[in-house]
Amino acid sequence: MKILILNVCKERLHYFEFVKPIEDILKKNHIKFFTVHYKNLKRNDLNLSSKIIICGTSLKDNDFLNNLNFFQWILSINKPVLGICAGMQIIGLIFGGKLKRKIEIGYYKETFKKEFLGLVGEKEVYHLHNYYIAINKGIFEIFSETKTYKNRIIQAFKHKQKDIYGVLFHPEVRNKEVILNFIKI
Amino acid sequence: MFHTPSIRNVEKQAKLMDKPIIIQKTRGKKEKELKDLEKAIKRAIKNYRINGILTGAIESVYQSTRIQKICNKLKVECFNPLWQKDQLELLGNLITNRFTVIVTGVFAYPLNRDYLGKEINKDFIKKISGLNRKYKINPAGEGGEYETLVIDCPLFKKPLQIKEKRIYGSENSWRMEIR
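Taken in order, these protein sequences are the chains called A and B.
Here numbering that gives the first Met the number 0 is used: the first residue of the first sequence is 0, the next is one more, and so on.
Here numbering that gives the first Met the number 0 is used: the first residue of the second sequence is 0, the next is one more, and so on.
In case anyone wonders, no lab produced these hints; they're calculated from the structure.
Don't take every hint at face value.
What the hints assert, rightly or not - A few chain A residues that face chain B, going by a derived Cβ cut-off under 7 Å, partial list only:
id: 1; residue: Leu12
id: 2; residue: Glu16
id: 3; residue: Pro20
id: 4; residue: Leu58
id: 5; residue: Lys59
id: 6; residue: Ile104
id: 7; residue: Gly105
id: 8; residue: Tyr107
What the hints assert, rightly or not - DSSO-like cross-link-like pairs, simulated, lysine-lysine; straight-line CA separation at most 27 Å:
id: 9; chain 1: A; residue 1: Lys31; chain 2: B; residue 2: Lys41
id: 10; chain 1: B; residue 1: Lys14; chain 2: B; residue 2: Lys133
id: 11; chain 1: A; residue 1: Lys113; chain 2: A; residue 2: Lys159
id: 12; chain 1: B; residue 1: Lys14; chain 2: B; residue 2: Lys126
id: 13; chain 1: A; residue 1: Lys1; chain 2: B; residue 2: Lys156
id: 14; chain 1: B; residue 1: Lys38; chain 2: B; residue 2: Lys72
id: 15; chain 1: B; residue 1: Lys157; chain 2: B; residue 2: Lys135
id: 16; chain 1: B; residue 1: Lys31; chain 2: A; residue 2: Lys101
id: 17; chain 1: A; residue 1: Lys31; chain 2: A; residue 2: Lys9
id: 18; chain 1: A; residue 1: Lys9; chain 2: B; residue 2: Lys74
id: 19; chain 1: B; residue 1: Lys126; chain 2: A; residue 2: Lys26
id: 20; chain 1: A; residue 1: Lys175; chain 2: B; residue 2: Lys84
id: 21; chain 1: B; residue 1: Lys126; chain 2: A; residue 2: Lys101
id: 22; chain 1: B; residue 1: Lys68; chain 2: B; residue 2: Lys41
id: 23; chain 1: A; residue 1: Lys122; chain 2: B; residue 2: Lys38
id: 24; chain 1: A; residue 1: Lys38; chain 2: A; residue 2: Lys99
id: 25; chain 1: A; residue 1: Lys108; chain 2: B; residue 2: Lys29
Think of the CB as a built atom: it goes at the ideal place given N, C-alpha and C, for glycine as much as any other residue.
Turn these sequences into a full structure, and let the hints steer you where they fit.
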């Protein structure tokens, strides 16, 4: 069984920035994987995979938001899924969440109140997003959130019944252990 | 933030690729220099209707986030195709893709004047890999340890002509200006 890496980038050149770094982490650790663009995803790809990583994309690329029908499989999947940035937004939207505006670019310190795929306490993470996802707290457990004067920006969540994880930051930049710990589930 | 050794050659490189070039002067003052970069990108959007910027950021969050913020503000794409790439793999890719690249500046111990003009080839990669293990020198020089100039590549009509070299510096800080 292999890890399925799901590319959500509209522009082909963004593969190198948002997908290849994750492939490289898996390659370096001798973990088998295959990569598919979400628009080419087949039921058999999901059957062949042991776990699924949904990658992020660029600040300007919101094309996936117009194609959420390609991600309905998330509702019924019984395999571990990790959504990174856009991937987290997709998971949240599929489970009825709402997208909200918040620009964060660069290093930020986030606090993980409980251990989340190897992260606990205050950690420096790399952000690159214009939006975050406000989710139904009945469905997801929140492991890290930033409180602003009017919002709570969820940085990391896990589905309460399933192994479905989401991170708003990009662990492939400074928190590679998140990806490796997800593989170990 | 910006590369400076032999920078005037970029104009010649643009000609060798038949590409237009926008030249923007900057005093290189921290953070203020970003306003100059923004001006240049605005001119590119206005004059050439560009949809995106391509950077060579590999590990530098300092550089990449500053350009990401400008692109986000100006609503153009920001592409970082080398992002998080293994730096030794990147140097190897230069050779396999027939790039001729030479060192035009060194700015960190134990690099010295002898490195100026050296070509990035298998020997160089072996040497810089050793310096990475021993002194934590970034193999691709992204920490500003060294700077380079592309003399030839498949995008050029012909190699860049070097008519004159001038060397300046002392100890572990040297630059070579090529005309």
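Hints versus structure:
| no. | hint | result |
| --- | --- | --- |
| 1 | Leu12 | holds, 5 Å |
| 2 | Glu16 | holds, 4 Å |
| 3 | Pro20 | holds, 4 Å |
| 4 | Leu58 | holds, 5 Å |
| 5 | Lys59 | holds, 5 Å |
| 6 | Ile104 | holds, 5 Å |
| 7 | Gly105 | holds, 4 Å |
| 8 | Tyr107 | violated, 11 Å |
| 9 | A:Lys31 x B:Lys41 | violated, 44 Å |
| 10 | B:Lys14 x B:Lys133 | violated, 40 Å |
| 11 | A:Lys113 x A:Lys159 | holds, 14 Å |
| 12 | B:Lys14 x B:Lys126 | violated, 33 Å |
| 13 | A:Lys1 x B:Lys156 | violated, 45 Å |
| 14 | B:Lys38 x B:Lys72 | holds, 12 Å |
| 15 | B:Lys157 x B:Lys135 | violated, 36 Å |
| 16 | B:Lys31 x A:Lys101 | holds, 25 Å |
| 17 | A:Lys31 x A:Lys9 | holds, 25 Å |
| 18 | A:Lys9 x B:Lys74 | holds, 16 Å |
| 19 | B:Lys126 x A:Lys26 | holds, 25 Å |
| 20 | A:Lys175 x B:Lys84 | holds, 14 Å |
| 21 | B:Lys126 x A:Lys101 | violated, 45 Å |
| 22 | B:Lys68 x B:Lys41 | holds, 14 Å |
| 23 | A:Lys122 x B:Lys38 | violated, 35 Å |
| 24 | A:Lys38 x A:Lys99 | holds, 25 Å |
| 25 | A:Lys108 x B:Lys29 | holds, 23 Å |
Hint check: violations occur at hints 8, 9, 10, 12, 13, 15, 21 and 23; the rest are consistent with the structure.
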